[in-house]
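**Q** Listed below are the residues making up each chain.
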Amino acid sequence: MQTSEKPQTTPAPPERSVKEELKKKNPSLVLGLRAVRTGPVLILVLLCIVLFAATPDFLTAGNIANIGIQTSVVAILALGQFLVILTQGIDLSVGSVLSLASVVGAGLFVHAGIGEFAILAMLLVGMLVGFVNGFVLTRWRIPHPFIVTLGTLNVAGGAALLLSNGSAILGSPAIASFLGTGRLLGIPVPVIFTIVLATLAWLFTNRIQAGRWLYALGGNPEGAKRAGIPVKNLLTMAYVLSGLFAACAAIVLVGRTYSGYPIAGLGLELDSIAAVIIGGTSFFGGRGTVGNVIVGALILGVLRNGLNLLNVSSFWQQVAIGVILVVAVGIDVLRSDIEKKIRTAEAKALAS
Amino acid sequence: MTIDNFTDTTGAAVPLLEVKDAVMRFGAVTALNGVNLTLNRGEILALLGDNGAGKSTMIKCISGVQQLSEGQIYLEGQPVSPRTPKEARELGIETVYQDLALFDNMSAAQNFFAGRELTTPKWMGSAGFVRRKAMVKESAKVLERLQVGVHDPNGPVGLMSGGQRQAVAVARAEAWAKRIVILDEPTAALGVRESRNVLELVKRLPQKGISVILISHNMEEVMALADRAIVFRQGRLVGEAIPTPENHEKIVSMIVGADTLKTWS
Ligand SMILES: Nc1ncnc2c1ncn2[C@@H]1O[C@H](COP(=O)(O)OP(=O)(O)OP(=O)(O)O)[C@@H](O)[C@H]1O
Ligand SMILES: [Mg+2]
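Protein sequence lines, in the order shown, are assigned to chains X and F.
Mind the numbering: the first sequence is residues 1 to 352 in the working numbering, read in order.
Mind the numbering: the second sequence is residues 1001 to 1265 in the working numbering, read in order.
Only true hints are included.
Cross-link-like lysine-lysine pairs, in silico, BS3-like; alpha carbons within 30 Å at most: (1) F:Lys1141 <-> F:Lys1178; (2) X:Lys225 <-> F:Lys1086; (3) X:Lys232 <-> F:Lys1086; (4) F:Lys1203 <-> X:Lys225; (5) X:Lys232 <-> F:Lys1133; (6) X:Lys232 <-> F:Lys1122; (7) F:Lys1208 <-> X:Lys225; (8) F:Lys1137 <-> X:Lys340; (9) F:Lys1208 <-> F:Lys1141; (10) X:Lys340 <-> F:Lys1133; (11) F:Lys1141 <-> F:Lys1122; (12) X:Lys225 <-> F:Lys1122; (13) X:Lys225 <-> F:Lys1133; (14) X:Lys225 <-> F:Lys1020.
Worth flagging that the hints you see were computed from the coordinates, not collected in a lab.
Quick caveat: nothing in here was measured; it's all calculated off a predicted structure.
Based on the sequences and whatever the hints tell you, model everything.
**A** In structure tokens:
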């Protein structure tokens, strides 16, 4: 560092005291912020309490394992979707990628006799579609990822139907069966697999330089460019990873259903987006955490499971999911409002 | 690598930065039309001019955001042509942009290191692990040393006041710059008191051997800080003066164009 020299300015008033003062003057604001920041966890806890009160079947070991298994596919999709949404993007193709990868995996396993290598082919399919998304978006300068991935949603979805002639292919590599239906120490393997993938995603977004750049890119794309971040490659990587996660979800699903099904992923892209948004990720990029994304997926899973237990029709389930989605985003808006208020209050306190 | 500055003031005859015959066209618009400018070592050079005069365009070309259509930039006598902001920064040129290239969603420490995080192991490149504690420590040191009224390097920049944010941006430039800091209207959005803090920071840069290019519309500020002022009008350099109260009127008339194509020095 430099030769230490005393600056001539009088030191600014310590910021700490301003915060303390604010807490005293406006405790509801600070408390409110704390509550709102826990957002998705709060929703999940409340939801569990209500369901526990409503039906004793909810909190049984068997049912909890069920929720875990049912949630795993959407949760894994949501991890990839999260990386993309962090960059202000969106990946509508993940459901179709899941379908295509499942058909390719089961098809190669049954017909090509390549055994477990079918898993590898599935991962390659995911990465390939992701690469196409990223490449077309960044190099052809298509104005918005919505358009590119809407394209690949249709291409990959169509390819899955073409390859399978529109019907299910029965069969599953042993690895997929293990990841989809196995148990380790009584815990469903798909749950463990999801936790492993979530941990990797957490590690990536929190500890790895390229992962940190996703936040920079999502927070200020022009700033990221000027900070020397290789924006195009980073974006492409985000879509490749999203495709890869979709392929991982496909592996779990093939194992669980012992088949590749060309419309297995139909509509799942919307579930994955819902999970990410309910998990408090900003749709405008740059904000969100892996932990909360998993919580978002759990909220969806718990809600569906609970309403099933209560024999609520799937029509009403859909309504409930819609309400939760909007409430979750409302909470996020509230958060940024409160943060803004605190900021102005602080600035005022500093200026006076 | 740590954030570090070095002082190089041993007098060589060549100016630190020289721009020769700079031309910049955007389609039919000629934003720069044959500009020559020099920046000396340890100097604070004010870049003045009306809206649309070409000031931002000039500094964007120096800092690698855009490339000159014609002309050449020399750094310590060597021709350079930074094609990206990264290349410019590697040449020791840091820029605080008019539109504040801060990341509101990240902390002050993360902003300090955005794009050049400390990582380990080195060979893994951008797949390496970020050294969070080291970065927080380094940025805390810089904030402490500069006394800019930001004490918590982990505080999100988005929640800071305009003055604090600008202080973070200037401090970041100060910490990384080896040769030149460019500031594009650093106080335009700030109150009197906040401006003063930021200007205090700018004033101290030459003591560290860093030269400054300061774009400003505020003559008071220019007179208080700058060693020399140059004036742009419609993409041309139309004059140069020492910013003193006696020269105030001269400079203003150069800016508004009452006295075309006459130079002082
Ligand atoms: N990317 C661009 N594309 C087209 N025209 C541009 C571009 N950037 C700048 N210009 C034009 O070049 C001219 C100079 O702009 P510049 O931003 O350099 O002005 P300035 O001196 O910084 O003004 P201000 O004081 O308002 O910031 C203007 O006419 C502007 O419209
Ligand atoms: Mg400008």
